[in-house]
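K.L.:
Below, each chain spelled out in residue letters.
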Amino acid sequence: MNKKKKKLTLSRKRSITGFLFILPWLIGFIWFYARSLFLSIEFSLSNLTVNPGGGYSLDFVGLDNFLYAFRAHATYKQVLTTSIGNMLIDVPLITFFSLFMALLLNKKFRGRTLVRAIFFLPVILNSEAITAAMNLIRTMMSGGISSASAEMAEAAAGTGVGLTYYIEMFSNLGLPDSIITYIAGAVDRISDIINASGVQIIIFIAALQSIPESMYEVAKIEGSTAYETFWKVTFPLVMPHIVTNVVYTVVDSFTQSEVVELAYNTAFKEMNYGLSSVFSLVSTVVTCLILVIVCRFIQKRTFYYN
Amino acid sequence: MEKAKKKSLLVRYRELMADSQFTNDRTRWAGNVKKFILFAFRLVLIVGVCYVILGPVIGIVSSSFFSDADSYNPMVYLIPQEPTLGRYTMAAQYLNYGKTVTASLLYSLSLMLIQVFICSMVGYGFARYNFPLKNVLFACVVVMIVIPTDTIMLPLYMTFAKFDIFGIIKAIRGDAVNLLSTPIPMYILTLFGCGLRSGLYIYIFNQFFRGLPKEIEEAAFVDGAGTLYTYFRIMLVNALPSVVTVAIFSMVWQYNDTFYANLFLISNDIVISKRIATIEASISNVEKILDPNILELFVDAGIVLIMIPIVIIYILLQKQFIEGVERSGIVG
Numbered sequence: 001m002n003k004k005k006k007k008l009t010l011s012r013k014r015s016i017t018g019f020l021f022i023l024p025w026l027i028g029f030i031w032f033y034a035r036s037l038f039l040s041i042e043f044s045l046s047n048l049t050v051n052p053g054g055g056y057s058l059d060f061v062g063l064d065n066f067l068y069a070f071r072a073h074a075t076y077k078q079v080l081t082t083s084i085g086n087m088l089i090d091v092p093l094i095t096f097f098s099l100f101m102a103l104l105l106n107k108k109f110r111g112r113t114l115v116r117a118i119f120f121l122p123v124i125l126n127s128e129a130i131t132a133a134m135n136l137i138r139t140m141m142s143g144g145i146s147s148a149s150a151e152m153a154e155a156a157a158g159t160g161v162g163l164t165y166y167i168e169m170f171s172n173l174g175l176p177d178s179i180i181t182y183i184a185g186a187v188d189r190i191s192d193i194i195n196a197s198g199v200q201i202i203i204f205i206a207a208l209q210s211i212p213e214s215m216y217e218v219a220k221i222e223g224s225t226a227y228e229t230f231w232k233v234t235f236p237l238v239m240p241h242i243v244t245n246v247v248y249t250v251v252d253s254f255t256q257s258e259v260v261e262l263a264y265n266t267a268f269k270e271m272n273y274g275l276s277s278v279f280s281l282v283s284t285v286v287t288c289l290i291l292v293i294v295c296r297f298i299q300k301r302t303f304y305y306n
Numbered sequence: 001m002e003k004a005k006k007k008s009l010l011v012r013y014r015e016l017m018a019d020s021q022f023t024n025d026r027t028r029w030a031g032n033v034k035k036f037i038l039f040a041f042r043l044v045l046i047v048g049v050c051y052v053i054l055g056p057v058i059g060i061v062s063s064s065f066f067s068d069a070d071s072y073n074p075m076v077y078l079i080p081q082e083p084t085l086g087r088y089t090m091a092a093q094y095l096n097y098g099k100t101v102t103a104s105l106l107y108s109l110s111l112m113l114i115q116v117f118i119c120s121m122v123g124y125g126f127a128r129y130n131f132p133l134k135n136v137l138f139a140c141v142v143v144m145i146v147i148p149t150d151t152i153m154l155p156l157y158m159t160f161a162k163f164d165i166f167g168i169i170k171a172i173r174g175d176a177v178n179l180l181s182t183p184i185p186m187y188i189l190t191l192f193g194c195g196l197r198s199g200l201y202i203y204i205f206n207q208f209f210r211g212l213p214k215e216i217e218e219a220a221f222v223d224g225a226g227t228l229y230t231y232f233r234i235m236l237v238n239a240l241p242s243v244v245t246v247a248i249f250s251m252v253w254q255y256n257d258t259f260y261a262n263l264f265l266i267s268n269d270i271v272i273s274k275r276i277a278t279i280e281a282s283i284s285n286v287e288k289i290l291d292p293n294i295l296e297l298f299v300d301a302g303i304v305l306i307m308i309p310i311v312i313i314y315i316l317l318q319k320q321f322i323e324g325v326e327r328s329g330i331v332g
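Quick note, the sequences are listed as chains G and L, same order. Going by our numbering, the first sequence runs without a break in its numbering and finishes at 306. Going by our numbering, the second sequence runs without a break in its numbering and finishes at 332.
Because the hints were derived from the structure by calculation, they are not lab data. Fair warning: there could be bad hints in the mix.
To spell it out: a stretch of chain G is covered by chain L in this simulated footprint if at least three of its residues, at any positions, have a beta carbon under 8 Å from a beta carbon of chain L; those stretches are [stated by the list, open to error]:
(1) 35-49
(2) 58-68
(3) 98-112
(4) 188-195
(5) 263-277
(6) 290-303
In silico SDA-like pairs for lysine to any residue, Cα to Cα no more than 20 Å straight-line [said to hold, decoys possible]:
(7) G:Lys108 - L:Ile37
(8) L:Lys319 - G:Ser210
(9) G:Lys13 - L:Ala127
(10) L:Lys319 - G:Leu105
(11) G:Lys269 - L:Met158
(12) L:Lys134 - G:Lys107
We treat Cβ as the ideally placed atom computed from N, Cα and C, and that holds for glycine.
Construct all of the structure, not just a fragment, from the sequences and the given hints.
P.N.:
Written out as structure tokens, the structure reads:
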């Protein structure tokens, strides 16, 4: 007993070294993240006033802020539901689109490096100002003019490819409305989807390259077709990374959603800090719930090789 | 039994057919057509998607050369009739381009170096050492990735508006310091592994180090290398692919970031992405240009100017980046 205290065993020594390695992060996590989360909860339960000399004082008001956000606030409920709705539409689309693109880019063909470089460009150019200007230009170009005011561009975009025409055509064919709306929505936001799936494509390409070649050889020898190979070899082995991608996509689309904007404006333009905390807390909790449910759902169906 | 025999006969027949001696023109032709259709399908798809990505970039670059006359002429599409460089000179002047872009690049470069250093260290610690509560702590890293910074922006703002370490600063200076409107909060956050997307970088490094063979370290240990020597001279060198990945990600995202810059009120002179948001208003006020169409052209020129450094970095390191991404531990 005494001896042990004096001389550290190798494993204890190693555990101390490891602890030292993560120490900076641990301090930061407790100091900034954990503390901030508790403060956020505290703010949401109280009325915050900023003192003129700096600093702030809190009056505890209980759940008033929550009740206000859900009963009285004009736009919060609507913004929250549309953001979540958009997220739920986007996530499957982005996941499957990026898987498809990764499969395509994983094949060897001439000019592959160039194409890959172009595909990762949105990851590099994801600045707010750049995105805004690009959206404007995109609407104008699809309308056939390269420079005009935004209103004119929108009017012009309407004369381009008429989505309504196709929608009518498909509904005359007797397809159910919900499917048509979903597809129309998907077509409408194709550029958003492409631009949002840069990192996801990277992850899937890396996943595809980590599949051992011998698997495919076995499949070939057993005489499976390309279709069967995809569903029996490629897809199961890529499955674990679908979870990673879904998590990334959900978080990414949440950070760019209107809820965040609303919370930011409430805090720094209307100076209502308590309400802003409520907004961000509620939406974070909702996002985390979605993540947990989706991950559970996928993980049950996931096949783990190891 | 009978069936199996038949099948094997069929397979043999096909193999014979595939043999060059028996191949007739029709099967070869069908194969070629199939190949061509697949090729065309892939080509159309790839070109289409590339156009969706590159289209707006082309649009921005082309309209940044438009003169007033081109802008009002409805016949002009993408290719200006009277190209002008006036947009660039004006945008560069209002962005204070040379100075701002240097400051901005230095700011993101220094933060990038800290990110790589700290996150690789933390990732290494998680990957190679066992200590109590390791799984719980790693779950905290995942929490950092999953919970958006927006949730904690208010407390962060408050923390740095009245910055203090256990009352030490208050004891010395008499009052807590206000660190807002300086880049210091960002440096402090990054130094403690909580900067812009640090969680993701820690995760990447962790996955990569876990994939390296343990024998390397054991050999180093036997040869008498200390922990720090092993880490800096052996592990970090081996982790070059993920270092490149994280370096580019963190450099570019930091350069583009406006969220933290707005939250901490960091000056426009340091963060060029923030400055572009005000260029439209200031040109309109000073130069008395009121037409939003024309103002948008200046913004386009400004955006091209902002994009240039990132695009250059990207083109230079593109190959290492993509290879790094593929080999590094983004995937477990």
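K.L.:
Indicate, hint by hint, whether the structure satisfies it.
P.N.:
Going through the hints against the structure:
Closer than 8 Å: that is the beta-carbon criterion, and the stretch 35-49 of chain G has 6 residues meeting it against chain L, so the requirement of 3 holds. Coverage of the stretch 58-68 of chain G by chain L is violated. Counting CB-CB distances below 8 Å, 0 residues qualify, and the rule asks for three or more. With 4 residues having a Cβ less than 8 Å from any Cβ of chain L, the stretch 98-112 of chain G passes the three-residue criterion, so the hint holds. Closer than 8 Å: that is the beta-carbon criterion, and the stretch 188-195 of chain G has 4 residues meeting it against chain L, so the requirement of 3 holds.
Here the stretch 263-277 of chain G counts 6 residues with a CB under 8 Å from a CB of chain L, which clears the bar of 3, and the coverage holds. By the rule of at least three residues with a Cβ nearer than 8 Å to a Cβ of chain L, the coverage given for the stretch 290-303 of chain G is violated, with 1 such residues. Restraint check: the Cα-Cα separation between Lys108 of chain G and Ile37 of chain L comes to about 17 Å, which is no more than 20 Å; the hinted pair holds. With a C-alpha separation of about 19 Å, the suggested pairing of Lys319 of chain L with Ser210 of chain G holds against the 20 Å cut-off.
Proposed proximity of Lys13 of chain G and Ala127 of chain L is supported: the alpha carbons are some 16 Å apart, at most 20 Å. Distance restraint check for Lys319 of chain L and Leu105 of chain G: the Cα-Cα separation of roughly 15 Å lies within the 20 Å cut-off, and the hinted pair is therefore satisfied. Proposed proximity of Lys269 of chain G and Met158 of chain L is supported: the alpha carbons are some 16 Å apart, at most 20 Å. This hinted pair does not check out: Lys134 of chain L and Lys107 of chain G have alpha carbons roughly 40 Å apart, beyond 20 Å.
Hint compliance for this structure: hints 2, 6, 12 are not met, and every other hint is.
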